[in-house]
Amino acid sequence: MFGYAGKVLRINLTEKQIKLEDLDMNLARKYLGGRGLATKIFMDEVDPNVEPLSPENKLIVASGPLTGTTVPTGGRYMVITKAPLTGTIGCSNSGGYFGAELKSAGYDMIIFEGKADSPVYISIEDDKVEIKDASHLWGKLVSEATDELMNKYGQKARVLCIGPAGERLSKIAAIMNDYDRAAGRSGVGAVMGSKNLKAVVVKGSKKAKYADEEETKKVVSDKIKKIRENGITGEGLPTYGTAVLVNIINEHGILPVKNFQKAYSEDADKISGETMTRDILVRRNPCYRCPIACGRWVKLKDGREVGGPEYETLWAFGADCGIYDIDAIAEANFWCNEYGLDTISAGTTIAAAMELYEKGYVKDEEIEEDGYSFKFGDVEAIIGWTKKMGAREGFGDKLAEGSYRLCESYGVPELSMSVKKQELPAYDPRGVQGHGLEYATSNRGGCHVRGYMISPEILGSPEKLDRFTLEGKAEWVKVFQDLTAVIDSLGVCLFTSFALGAQDYVELMNAVSGTDYNVDTLLEAGSRIYTLERLFNIKAGIDPKEDKLPDRLLEEPIPEGPSKGHVHRLSELLPKYYEIRGWGRDGIPTEETLQKLSV
Amino acid sequence: MIKVKLFATFRNGREKEIHFEYYEGITGREIIEKLGIKEEEVAIFIVNGRDKKWDEPIEDEATVSLFPPVGGG
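Chains A and B supply the protein sequences, listed in that same order.
Under numbering that gives the first Met the number 0, the first residue of the first sequence carries the number 0, and numbering increases by one thereafter.
Under numbering that gives the first Met the number 0, the first residue of the second sequence carries the number 0, and numbering increases by one thereafter.
Think of the hints as simulated: they come from the structure by calculation, not from any bench.
Just to be clear, a hint being listed does not mean it is correct.
With a straight-line Cα cutoff of 27 Å, these simulated DSSO-like cross-link-like pairs (lysine-lysine) come out [stated by the list, open to error]:
(1) 52/B / 563/A
(2) 37/B / 224/A
(3) 15/B / 269/A
(4) 151/A / 114/A
(5) 51/B / 563/A
(6) 2/B / 33/B
(7) 33/B / 52/B
(8) 4/B / 261/A
(9) 206/A / 225/A
(10) 208/A / 29/A
(11) 15/B / 257/A
(12) 4/B / 269/A
(13) 261/A / 2/B
Let the hints inform the model, and build the full structure from the sequences given.
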């Protein structure tokens, strides 16, 4: 058994039972690990029509075969569950150090079942696993709960937890780890909250095992070299973090402004990576064994030093809310981390509320008592509403449901810039056609990291594609989605893919695990995983007609800036995409495809 | 007049926005030469948000944006 720990921890919170099971290695060969394997196990055990916040839903925290090894960026873990925000498969991914620690304690994954009758946390110290009372932690902010557990278990312990947002079942609640890393999307934090599970603290002492130690050393050093020599992973991301994208995306006229009403801002530089580096950066804040270290550590206006905002956050609380104050955004980001909120959904839900207010749907009297406005550009509002959202106070209670349910409650769901009820990230697809197809077909709803088409369409990696044309885009999206499913399942960071290709992942996996994958079989596993997720969604009642974009992006041309005049041409791309996926015209995988991929 | 906007490390030792007198036939290659930037250092070269070839003439009043290899998120 190499790479994998070979063990699964099954914790039934209702019965207070802890079981140790062997990992099914035949399934692992087919579904790799992490995202793929956990999804397969989840589907085998859970009715797709389960109510996401009921005890019958399960929550799997899974590492991949490369997690906790010497492979660069091998610190990722994934959370698989049925997502409360979307009703689709929930699949959120995080870095930091927790995933690697879980592996070194000897586990590939933890399957949580049922619901504790009062708040609990789980402590794991190698083979010693206990369910503990968490009533003293319930209600605490993420840093408070984490501090308390670290004080008890020592500074080498790693903590995963939810904040008040998850406890209060916010549909945009994240699962946090290592203080400021987030398995952010789709409301996975609320599933933890619904189980009365506040935290997992883990300490491990086991070393990773390698099929071929010498070969692993050689392959690992070759991949580190590639990552260091690549302009994006060796220089751009280390120097500026993901925030470097603000200016790039704006200069292409695809930076959504004021809830996607516009796509360019003269003020974007004020919230850019260049400005962050100059004005508030303290140091880099790397994850486990990462030569890229894109994470930031920044100074807030009051002097506190905290985890800094990512590109997505700078946009969601920035341009999308009409705000160009980097200090205010850094503070809103801090409160998202403390309450355990997904920064993309939190910022964009405030932006949607601002448009609802601008158009007269939300009235002053509704928010009078809260003391904050919904005027685009109001700096105090983004901080105030973030706290209210996290605590579900006043109008914050409505915001905590995400933008789709908010806009729907006013009869205008079309003002929610979301796909399958999940808020879109920071790229206006009207000016990047392939990326828009990726949004529409992402298995977890609106998302940029299922198949990051910005890479070829904007950044020119691995080659430059014309961002306005349709030709070949469906094929690119499929390959990117499949490769991403592989990367997420192996337990490494998606950002390595700027420097590494499919063959590199084959070499890493085979050296560590002693497998015999090649590029075709590894990508086929990616395709199998993607199709499996699709099957879950269909069984869960997600109509393929939901493979769409908000009407605004299909019908209203971008009004100004470098992408002026464009709409997204989804209807021209979708049939081709279904065809190359081997799905019927109705968007449902055919029997033949399922057999071919042996799903 | 052509507006040239520089980003990321291209700002080291340079202004972030530089204006060049327009003349007929001016190209991206000529602009980066004047700035002391080598072609291979540039990852993204766009004119009014659109890709352009180095030897294509640039129109008057255009905005040129130049990025070194940067990143994603």
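Which earlier hints turn out false for this structure, listed by number in ascending order?
none
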